[in-house]
Every structure is written in structure tokens, then in C-alpha cells.
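Engineer: Protein chains in written order, with the numbering used here: chain A, 59 to 361; chain B, 11 to 670.
These aren't lab readings, by the way, just hints derived from the structure by calculation. A virtual CB, placed ideally from N, CA and C, is assigned to each residue, including glycine. Treat the hints with care, as some may be off.
To be verified - In silico DSS-like links for lysine-lysine, alpha-carbon gap of 25 Å or less:
| id | chain 1 | residue 1 | chain 2 | residue 2 |
| --- | --- | --- | --- | --- |
| 1 | A | K324 | B | K55 |
| 2 | B | K240 | B | K130 |
| 3 | A | K314 | B | K55 |
| 4 | B | K153 | B | K137 |
Stated by the list, open to error - If you want the ones that stay clear, here's a sample from chain B, every Cβ over 12 Å from chain A, calculated:
| id | residue |
| --- | --- |
| 5 | T138 |
| 6 | A191 |
| 7 | G215 |
| 8 | A291 |
| 9 | R323 |
| 10 | G590 |
| 11 | M647 |
To be verified - Heads up, incomplete: computed chain B residues facing chain A, CB under 8 Å, no partners named:
| id | residue |
| --- | --- |
| 12 | L50 |
| 13 | N54 |
| 14 | M56 |
| 15 | R62 |
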Amino acid sequence: MFSDRRPRSFLEPLVLSRLANFPLFARKPMLGNVSGRHPSPHRGSSVEFAEYRKYVPGDDLRRLDWRAYGRSDKHFIKEFEADTNLRCCLVLDTSGSMEFGSGGVTKIEYARKIAAALGHLALQQGDAIGLSCVAKGVVRSLPPRRNPAHLSTMFDLLEQAKPQGETRLVPALHELAETIRQRALIVIISDLFVEPEELRGCFEHLRFRRHDVAIFHLLDPRELNFNFRRPMRFLDMEGGPSIFAEPNEIADRYQKALGGYLEGLKQVVLESGMDYHRVSIDEDYEQVLIRFLVGRTRAKGGR
Amino acid sequence: MSFLQPFLLAALPLIALPIVIHLINQRRYQTVRWAAMMFLLAANKMSRGYARLRQYLIMAARMLAIAGLIFAISRPLTGGWLGRAGGSRPETTILLMDRSPSMQESGRGTGESKLETGRKQLAATLKTLGSARWVLIESNTNKPRELESIDALLNSPGAEPASAASDIPGMLMAAHDYIKANKSGRTEIWICSDIRENDWNADGGRWQTLRDAFLEFPQGVRLHLLAYPKPAPGNRSVRVTEVRRQKTGDGAELLVSLSVGREAGGETKESVPVQFEIDGARSEVAVELNGPRADLKDYRIPLGKARERGWGRVSIPADANLADNDYWFTFSPPSPRHALIVAEDPQAAPALQLAASIAPDPALQCSADVIAPDGLATVEWEKVALLMWQAPLPEGESAKAVRAFMDRGGQAIFFPPKTPTKAEFLRASWTEWVHGTAEAAVESWRGDQDLLANTQSGTALPVGQLQVRNACGLSGEFTPLAVLKGNAPLLARVATTTGGAYFCATTPSPGDSSLATNGVVFYVLVQRALAAGAAVLGSTRQLVAGETSGENPARWKRLAGMEQAVSSDYPIHGGVYQSGERLLAVNRPAAEDGAPALADRRVAGLFKGLDFSRVDDSAGSSGSLIQEVWRLFLAAMMVAMMAEAGLCMPKPARPSRTAS
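Okay, chain B solo, but in the shape it has when bound (with noise of 0.2 Å):
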């Protein structure tokens, strides 16, 4: 039980009133000269049974009443907030609120969603607590919005359902933010989510900075967590892994493949009818689903021969979870993938073109040219979609031109120089060459994303083939997707904010590796990174919510999608676009279909140290997560009084004893 005003509780000690009273009243006894002792003695050698426990049941009924009045008078509240979530109101009380999609699941026998429901009880419990300042960090901008009261938290477009992932770590840095720059007295921070593994990034190294942070607010900082962890059994997501559009010998004809998921808890088997809407034109085809996922490759659907670009709608019958139940996508004929190979080794340079040139399908063009380091003056940015780059690292000018390039979606390889400078390029820079390092092996390297991972039937790359005989030396904060023995980096991104740079720590010149000479997987990767580099190019594009890798929401006009989302809010919310002569399809991350939710006990630990209090709500829940109920203590009272008065309550007269 916590208390609204637990200061009152200082009072507590009130309660021996009685036996105080009690007791000075024992002291100021009075003498009297007595002469019926006999019945005084008589009277002292009877059991005391019922008159003792009567003195008893006074004083306790007292005792009762005063505690009865303290503990109403502190406002006690009951509910799972875990012990000290009540206590004197706080000068500012942060919220944050998950608007992932996974938080739009409802709860068995309700239609409410677990953002709405968390959004309606922590209104109705914080207008209880009350605060001085109720702030709100949007999940998708991570930027605090001060409310006016809690109650515009039910009609804040910033706690309304988004498509984009939450950041967990990064609002509660927005958070640790805010306080550190308003130099917020006591707070508290509500964390209103499902804990999702993908939201909360528990691996990230960004946790123990945040503990240690917010450790040193002398003020002291009290985090709530408000979790909906219960997933809802047998939602069904739908996603579109691949467009193609392809000409047939009387037009075109458009390739989908998608996959259909399901929650763990639906293991049945069952067909799902999936939707295809293309420019108001439905078709549908039924997916047998047996197990936690279904793809339907390649799945065609004719189109006009005029029919060049457009976009389209992928949908599966409602569920429990509205959000993952559609998926758009944008189709147009595949840009050309044009590579800048920045080259100082004769040798490296033939094979990155070969690679870069060297197209995967007939139906796309493939090209590479090669410049010396100070021709970059004259390139044709707009067409590029991969820079390769094996020299120096970029200063002054160049690097200004790299940085432009690579912010609006373009994609950058390096690759170390002979001769390693100390110029840096997004805070990333080339230490020295280790030679003779004996064709190491690769020991390890991420097979789950980015441009190692695995191929789509699942098979991994034959990375730990690649034979390193020379490898430069990378400084900087880099995330390392393969690694060679000795934990030396053998490639690794340095992110932006736009996506990222790939830095490649040998080069494919057949002295310093195997690349060259045992090309797949220096192949793959370089079209992969060429295919996400030609994808900004195009015509349409494919965006994740809440990434706009260099587009700009401002030119954005809604063709599909939400219709309540502000024209600010485009890029969080799934639909499609047209900025300009371009259509963009935005949808929910990959890593929001069936997510799992984080243990228990890794979300203890992520808090480890700092004043945390978590309560476990579902959605849809009704009843209240915190109530006052003085009115209990004070009825406690009235019946403690009244039972006083009732055993204090003198025996009926009896007859007067006169003369027989």
C-alpha cells in the first residue's frame, strides 16, 4: 500500500494517544478513606476475564480509531503499484509511451488495444498522484512535449498508434535529457510499453550508460513500468519481401512474394486469405499457414503494359492486432545501379568494377567507373548508388561530397589505403596494416542482417572461406559484422543517421585477400549494398516508418493509409506517398512481426540500481490500477468509535438499595 500524503504518517506514533492518556491518568489517582474494603478485596480476588479484555477492547478500539483517521488522512491507495509508487507529488512526470505497432494488439474479448488501454490507465492513475508538469516523449522524434494536464494524454497525437518502432533506450536518454537541461526536481518516469525485445534493444551498450546517468541525478529519479508483455495468441502479420515487375509476352505482370506470420499459441494448421489491391483491382489467394511462418513466392498479378510504376496493398482478415495486417508496397522497373569505384590500387580496382558491373538479373543494368581520388569534382552524384572507396579517407571538399551523397540514401564501401593517414571520416579512421597475417580465417560475422547475412532460402555465406593475409587496423565506434581471428575487424558499419558506411579492412588486390578470388561473397555484398543504394534512386521506393533515409516528409502526400495522421507524422505511420514524381511505401519494421517479449528478469536488469516499480496490466483491463480508499479507513473509524462507545457504554441502573 503507498500513500498520497505519506507524510502524515509521521503522526502514526499518535496511536499510543490512549495508552499515554491511560497511563498519566493511572498517576493522577485519587486517595480516599475506604471503608468497605472487604468488598474491594473480594472484588481484586475475582477473575478479571471480561472486565480486563473489555479494557482492553477500549483501548484498542481507540487505538483503531486513531490510526483509522491517520491512515485516511494520508490518502492510502491500493493497487499494483508496487509499493512506492504514491509518495509526495513529484515537480515533473515524464511519460513514455510505446506506439509500435506490436502495442495495437487488443486483449481477448476486447476491442481495446494495449496503447489505448495504457493510455487510459495511466490518465486515470497519474490524475490521482498528480504532478507539477506531465511531459511527453514522442517515440518516433524521441523530443519531449510538455501537457497541459494528463488528460490531453487520451487526445495527444504523440501517445496516438504509429507504425515506426519504439526506442526505448533512446527516449529514456530524451528523458535523462530533459531533466539534466530543466534541472527537474523530484521525478518520476512511466514507461508505458509491451517490452518487446526489438523496442527495447536490451543488448544495445546504450543501457549502462543510461544506469549510470541516472544514478547521478542527486534528486533521485523513480521509474514505473507499465508492461503489457501478454502477446495475443494467433495474430497473423502479413509482409512483402520482394516487388518485381517483369514484362510477359502480352504486357507485364507483377511478382510478389510475401510472408505470413502468426504469434506463437497458433499452431494449427489453417489458409489465410491474403488481399492484393492494386489501383482498386483486388485478387486474393489463400496461404496455407502450418507453422509460425508461410511465404508465398513470386505470386503474379497481371498488369497493364502501360502500367510502368504504381503501388499496392497486401491485406489479411482482421485479428487481434490491426497494425501487421497490411503491407504496402511500390513497384516500377528497377533503376540503374551505377558504381563510383574511388580507386589508388591498380590492382583492387578491376575487381570491385568487375564486381559492381557484373549484373544479377538480366533485367537490371549494372555499371562501375573508376576515378583517381581528386576526380570526384566532376561526378554525377544523382546517378550514384555505391561508392567504393580505396584511398585515403576523404577530407575538406571530397568529404563534404561523400557526407551529401550518403545522406541522401547513397551507400559507401571503404577500403583501406597503402599507406593509412590519420584522416578521419565519420569519426572512423585507417590505424596500420598488419602484415603476414597468414591467410587468417574469419572468426566470426553476423549471418542475421546487414550485408553478410544469410541468403533468403537461409543458406550463410561462405564467409569463414575468405583467406585475409593483410588487414588495416580501424579505429573509431564501429559495429563489427565480421571478425577476423584476434578480434580485428574484417568489416564493419559505422552508422548515421541516414543508414550507415561499410568499412572493409582489407582489400580484394589478390596480395591482401581472397575477395577477389573467391568472389561470392565479396559479390553479394557489393550488389547488395548497390541494390539499397539504387533503391533511393528509383522512381519508388520502400521505407521502414520512422526512417526517412533522406527523403523529406515535408513534399510527402498521402495516397493510402491512415487518414487521421498528420502530415508531420507520414514517416511513423504506414501508407503510401508521393513526394514529388516518386512513391514511397512506408511500413512497420521486420522486427515488429512476433517479436518476442523481453524475460522478466532482463527487464529487472536493465534497471538494476535505479528506483524501478513494474506492474503487469493487460489490454483491455478495466479495473483501476490505483484507487484511494481513505473512505475504507474512515469507516474503520466510525466502527472502531462506535465500538468504543458501545463497550464505554455504562450498565443499566440498577434499583437503588433503600432501607428493607
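So here's chain A without its partners, still in its complex pose (with noise of 0.2 Å):
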């Protein structure tokens, strides 16, 4: 896997080797190249009986159910559901604000490293794996492949990816949902520094485009909490104007805000159907990653 063996600080072994246990299911039937292990919306030659239908003149003969010809002089033709692989689109947030880091791992770090154990995961079990880095716009794209030496590019492309500029997720996404073939697993990851309120749009395109969205919401507990003691001034790692506050006047008014934010966005994720993952950048990501495969493995969607 690692053909150059070289080690990439966003990848852990021992974390991987304990994820490996965890499948990564799809909520909804994928489309994918080759059989797999996931819910095709195709009917196919697994062993899981699907239906029965009348034959119809070109079908093959050989999957004719005689014994139903026996009991009911009918010709039926016996269906068998299909089992295909899934395209997983990685939506790396690459924004200026995704450097930001109060207890010496930075959002994009962590970023990284989700991304990276998500495409190990998934390639494993024969998926295929694409990257996306979003700032201002699509910055870098890498198209879901399933072969092996397609990770380790994936892995350069993580390593590469810097974060800067202002976020423009919104229109990145709605980018995305257009470009990514229909039924994909789309994972975001991203601070989503965005208005709720315009997320639902492209939410709803995602949706609207059959794809299976999780969304990996990276928060900084500093961000959460707000706990300064000294007056401040922020700058504003996308370029934006500073400010200066004084943390005691303003805590509470701050605090408003982000409960109005992450009330907004529950709200919108729940009425967009996505599968949507808070996660404080303090907390462990192995942890994090388990909750999610074992959330998918009970959501684990039908055809």
C-alpha cells in the first residue's frame, strides 16, 4: 500500500488496523463499476432472491425458473439482487479557518487524518476513493479510483493540501453535486463556517442528486467554549477584517450566536437527510470514525 513507505503524519497504523473491523456502509443503493458490497439499485447475480417477472422474448434462458413453469405452465424469470462497489467522494474543506488549532492539532490535521483512515477503509473493501479540496472553489479534485497506488496519490494530495483563502463552500458543493455521478458517498469535512441557511440549497442538491451524504462537522473546543479572560483582538484567518473584543462583553453575545448557528444547522441537516457528525477536534478520531461506520452499519439503507 505504502509503495515508497514514506510516513505520513495523518496516518496511524494501529488506528487503521482497528478500523479495518468496521465496515463502511451505504445508506442508499450506490452505483458502482463492479460487484461489491454494497445495495445496487440494478438487479443482479447475487444470492439474495429479489423477484419474480414474466419473461419477455431475449431473455436468457438460463435463469428461466422451470419449477414455477411446472406449477403454473407460466414463464417467469427468477431476479437476484445486484451487489456493487460504492464511489466515495472525499470534500476536503482547505479554507484559511481550517488552520485553526487551540490544543496543538489544527482542524485540517485532524481533517487529514479522518479523510485518510475513511480512504483506507474504503479501498480495503474494494470502494472506490476520490478527493476533493474546496476554499474559494473546487482547488484540487482527484477522481474515485479503486486501485491500490490511487490511495497513496490520494495520501500526496492530503498532504499537499494547505489551507488558505475565505471558504466558499456553497458553491463548491452545489460544483460537486453537478460533476460526482449520481448515488456516491460524498463525505464533507469541513468547519462549515457557512450560514445554515445557505447550506440547505446545496444540501438539498446533494440529495436531490441521489448521493448518500455524511458530513464531518470540525469544531475547535476553544470556538465552543470561548473561554478568554483578556481583552482580544481576532484576526480573521481568511482574510477578513480583525476585531477587538473584550471576551468578558462579549461572551455571552458570542455564545447566542453559535447556539442560533448550530441550532440552524441541526435543523438543516435533519430536513436534508444527511448524516451529520459534530465533533469537537479535542476528541479522539478513532472514536469518532467508530460512531460513524457503526451509525452506517444500523442506518445500512435499503434498494
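Hints are included, so try docking the two chains, each in its own frame, into the full complex.
Structural biologist: Here it is as C-alpha cells:
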């Protein structure tokens, strides 16, 4: 897997080996190229019976159910479910705000770990994996492939992703919704510093395109608690104007704004059917991924 | 509000410390790169209402806490001591206690007199204020006496009630002399008085001198007046105006005339029982009081034949002021009224002799001798009641003899010589005759007191009818009793320690004036002076408290009166005393009865330009004049600190947001 054996800072083999026990399932039928472990919207040749249908000329006579013909004197074709692989598209936010981290780990580093682990998991189970870095727009993009060498390319891309510039997540997501072929698993890893109502549109767009969307909403604990004591001058990491504030004075209103945002976002993701995970980056990412994988196993979708 | 440690108020700018710290804190900000700017922007757009108010409240609470601490350690005082009573501790505090009888009035519903209340209030107040040295100026002697502590004021005999009037300007002058002699540092003078006109003598010329004198002190002198101006309405007083012993067919009787007065406010008709006590025998008569004053004329009290002399007491029931309910008197056969006439003008001498030797009452013996100025050596001074001197003013041995006569209470009237010399007596001297004043009329005269006072019925003497043809000028310090047109004195009085000498600017000779021809005024004048001089010579004598008039108090023995009084203070306490063979009755001055209080504006005018404050109190008041209230400020500070702590307390921690 690691042809050049170069160590990656975001890869932890022990964590990956433990995560290998948890399969990555899609919540919706996927459209893959080859046979896999995910349900497909089409009939196929799995062992799982799907339905009978009337024979029409041109059908493969091998699939005619002779026993049914014997009982009913009619010709029925016996159909089985198809299992396919999935195309997992990782969307990594590389805007300037992702560089923030108060506890030694920045959001981009945390995001790399999640993306790398998911990519490894998907490839291990034969799924195609792709990566799109978004900031002002789609900065870098790697289409989904399922050969192991592709994983290395993706890791290179992850390593090279530098957080900079402002967030224009909404147009980027609209663009990806259009460019990624239908019925893919799209994993968005971002701090989502966009108004929830603006996100609603792109989430609806992704759902319309029958994508299974999972979101890792990364937040720093300091962003959640806002536990400053002295007066601070806050420099915008995305190049906006700086703000001088007395934390004692502004903390209440900050918390109010944050609470309103989180509440609004929760409402939007619920209504759009997103698989939403709010993550404080001081948490262990392994636990976050286990929760994510287990949750998807429970919600494994029908066809 | 005032402070015991006002210099600590200099720390008041420290109140701004929280603001300064806040501003410094603002400047010492940290810079941080921040991702979640959208929330900060949203927070900035929100109303800052409560958060900003909370910040202001916290700041105000901190400032209040500091202010409370500073005020508390500055030891604030509350009370009526008008502003600047407090301050840094004075080096010397001088107390002027008005001990006059009017200060013994008690308030309604209390038995405590103004003097007692004033003493307690001053002791409590000054104990709080503190001082390095306490000095009490006694009202009768006007001598300063140092007190060990302010508590000694409560027991000091120098602050006990007395029957004598107070001389507030004199006491202030004594305070001034004390400050000057001792070179006191910062000094405070506290006057406790009921500001009666007779004690303050607001019209006197000494006040201007006092104001100027106090202003000269570079260290500054603060004057405080604790005033008890409220009179006791309906307070009654009794005073004997005349006592005569006369023989009757079967013995003798005493004729006592008295007057009963009452303070303004008691206008209803009432009957006042007046009790007489002579040698333990008591009798009572009711006096109808229908106005401010009622007189009882010649009330007869029978006496034994052998009772030639003695003493008695008149009293009325207890009321608001116990000090004016008793009056002591003595009686004895009238002493002979002998006048000595020293005259150089043979025309004037007969008139003088005639006026002095005709007795106004058949029971009186009046006589007059005429001698030349050089015949003084043979005079029996102890028998002389009045000296009439119409010659150049005495000098040398003559002056000494006349002065000794006056010091023992003798009266003297000086008339101008034919040729005035430069001789001075009692710092007064004749200047020169002004002839041909063409029967100058008298412009004004003092009808309220002294030799030209109105008669007992209130009728004025016909002084205005006098004609003065020649008048001699008078120089020196004197009080004019009658003034001619052109402001030249006709009759003047030069004060001495035991009374005074009179200077008449003209002679009774017909060429000089109509004193002899229109003799009523002259006769009254001479007889009054003669009576005053004879009063000293008799075996009994009526004295005004505080004036010894030639008597030697060291020989006095108390027969009746205030028992607590120490012997050295007998002259200022009402009562009857025996001095050798003589009986002396000491009573409060007439002016003490019903004397009005000075108007506030007049009091303020007396201290104009000086560092003066005044507070009015009432007898029996229990509220402290001054009180330390630092506890209040300390409590305010604690409340402020608790409020600050409450406002700064962080809100309960919200449940931590974790991945959902």
C-alpha cells in the first residue's frame, strides 16, 4: 500500500487496523462499476432473491425458473439483487479557517486523519475513493478510483492541502453535486462556517442527485467555549477585518450566536437527511470514526 | 458632612483606579488568529444592553467599594456641626460656658437645663473630635483654666450654674489673650450660650475689636456656637425692687416691693403665689399676673421691735427655670447719707450742699460738708457716701484718697473747675469751657438706667428742660448719659472696676446752667448717687452677683443660698452672706429676667469675617450633635464588594458540546 514507505503524519497503522473491523456501508443504493458489498439499484447475480417477472423474448433462458413453469405453466424469470461497490468522494475544506487549532491539533490535521482513514477503509473493501479540496472553489480534485496506487496519490494530495483563502463552500458543493456521478457517498469534512440556510440549498442539491452525504463538522473546543480572559484582538484567518473584543463583555453574545448557528444547522441537516457528525477536535478521531461506522451499519439502507 | 481625618480624602482619586486598570487592561490586549469570526461578527451586531450594563455595574461597584473604604478611614461625622466642625485635631480647644441664670432653663418634658445639656453635648462631641489641650474660660472671672480632659467639664466647678451674668465679649477677649500669650497653634473656640442680649452685649464696642484681633492670628481660629436660643414659655421670675423697714405704733414692719415677670408666651391671667421667708417665718401672698409683669408695692410684713436688721427670701413655685424663682434681700435701718463737697466756686457749693442735705424721706438722715480741695487730709472717708468735686481734678495724694474711696463703693460726681487744668483722673480730663452756648438744650439722655433713669412709675425726668449756658469739654473714655446739642456730653460716666465716676460738664451755679434753679433733675441725680453710695455704708447691702463692689469675698460666710457653691465662688451665687457684721444679699442681675435672645442675623454679624459656625440645640435633647458613621461606609463598601462578586460570578457551565 505504501510503495515508497514514506511515513504520513496523518496515518496511524494501529488505528487503521482497528478500524478495519468496521465495514463502511452506504445508507442508499450505490452505483458502482464492479461487484461489491453495497446494494445497487439494479438486479444482479447475488444470492439474494429479488423478485419474479414474466419472461419476455430475449431474456436469458438460463435464468428461467423451471419449477415455477411446472407449477403454473407460465414462464417467469427469477431475479436476484445486485451488489456493487461505491464511489466515495471525500470533500475536504481547505479554507484558511481550517488551520485553527487551540490544543496542538489543527482542524486540517484532524480532517486529514479522518479522510485518510476513510479512504483506506473504502479501498480495503474494494470501493473507489476520490478527494476534492475546496476553498474559494474546488481547488484540487481527484476522481474516485479503486486501485491501491490511487490511495497513495490521495495521501499525497492530502499532505499537500494547505488551508488558505476564504470559504466558498456552497458553490463548491453545488459544483460537486453536478460533477460527481449519481449515487455516490460524499463525505464533507469542514468547519462549515457558512450560514445554515445557505447550506440548505446545496444539501438539497446533493440529496436530489441521490448521493449519500456524510458530514464531519469540525469545531475547536475554544470556539465552543470561548474561554478568553483578557481583551483580545481577533485576526480573521480568512483575511477579513480584525475585531477587538472584551471577552467578558462579548462572551454571552458569542455563545448566543454560536448556539443559534448550531441549532439552525441541526435543523437543516435533519431536514436534508444528512449524516451529520459534530466533532470537537480534541476528541479521539478513532472514536469519532467508530461512531460514524457503527451508525452507518445500523442505518444500512435498502434498495 | 465632616471628617476627623480629612487629609485621607486626598486619596479620593483612587476611586478612578478600576477605570485606570480597565484602560490599561484594554491596552494590554492579545492578538489571536481566529477562525469563527462569523460568531464574533454576529455578537457585535447584537444588542449590548445587559452585558454593557453589567460591565458598568461592576465598575461602579468597584469604585463604590474604594470610595467606601476611603470615606470610612477618613472617619466621617454626621450632625449639625455645620460643615467644618471636624478636621484635623486642633492643638487647643477653648470652651466658653455661659453660666448665667437664664442658661438654667429646662426644656419642655425634661428636667435637664440648657447648661447641663450643653455641657454633656460638648463633652460628647469634643471627645470625638479630640484636642491636645482643653481650656475652660470661667464666665465670672474670665480666667482661663486648663482641663485635664474634656470629661472634666462635666464636674468642673467652673462650668456649674451661677447667678451672675456672663460677659461673652469679655470671655472672648480672655480667649484671645490666652491664645496670644501661649502662642497656641490651631485653636478652636466653642461657645455654649443661650445668646441672651445682656450676656452678649451686642451693641458694645468690643466686638469690632475682637473681630479684628482674631483675624490677626495667622494660625486661624475657628469659632463654634452651640446655641440654646429657645426660651421657656411661661417661665416666671421674681425680683424684690425695694425693702424698707419702718416703725409702727406697736413695733416695726417691713415694706417689700417686688415684681413678678414671665417670659413671652404666657399671656393668660394667672395667680402666682409669692412666699416670703424672714427668720424662718413664712407668709404668702398671691400676685395676679395678667401680662408680662406684675408689681406688688409695699407688702407689709410685721417685724419684732428689736429686729433692727436681718435678711429674707422671696420665692415663687418651681417652673422651667429654678434660678429665677428666689430672691434674697436684707434690711436694716437706713444708714446716714453723708456727702462731701469739694468746691472752689462759692456759687456752686450751696446748690450742691442743698441738693445733698435735703432728705427725700423723713426717716433718712442727710448731711453735707463743704471743704476746700486742700482739706482732704482731715476727711473721715468711711462715713462719706458721695463726693462732689468742683475743682481741678485731684492729683497725687488727693487722687489716691479719692480712688480708695471709690474702690470701696463710694460715689463721686466731678464738676468742671473755673480754670481747667491738664490734670487727669480715671484717664479723663477737662479740656476748656465753651461759653455762650446760649442756653443749649439737652439733646438726649439715658432714661433706661443710671442717674437719669426714669422714675419707678416710668415718667421721664425733665432733663430736656435744663438750660446750659456754659459747658466744659471732657476728654477720655466715657459713656455719655446726657448729650447737649452738638454732641457735647453733659453727664458722662467713666467706668471703674467697682462702679464708676460721673462727670457733669457744667456746674449748678446760675451763670452756668439751670441745674440749681430748675432743681428736680439735679436733686434726683444727687440723691440717687447718694443712695448708691450710702448702700455700701450700711450694715446690710444688696449685691448683684458677680460684682463685689469693694467687698472682700474671702471674709464671707454663707447664711443662705446654694449649698454646693465653693467659698471662692460666693460672689457669683445668689444667697445671703455675712461679712463681718454686715449682711450681704447676692442676686442675679435684673437684665437676666426676661432678656430676649439675639436675632440670628445679629449673631452672624458679630462673627462676620471670622471662621464661625453655629448649631442650635434645645435643653434636654438626647440626640448626639455629632456621630461617627464610618461603619455605614464600611457596610456600603462590603455591599459593593458583594455586588461586584455577584456580577462577576461566571454563569453555570453549559454542557460541553461533543460530536452528536
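Engineer: Flag every earlier hint the structure violates by its number, smallest first.
Structural biologist: Violated hints: none; all satisfied.
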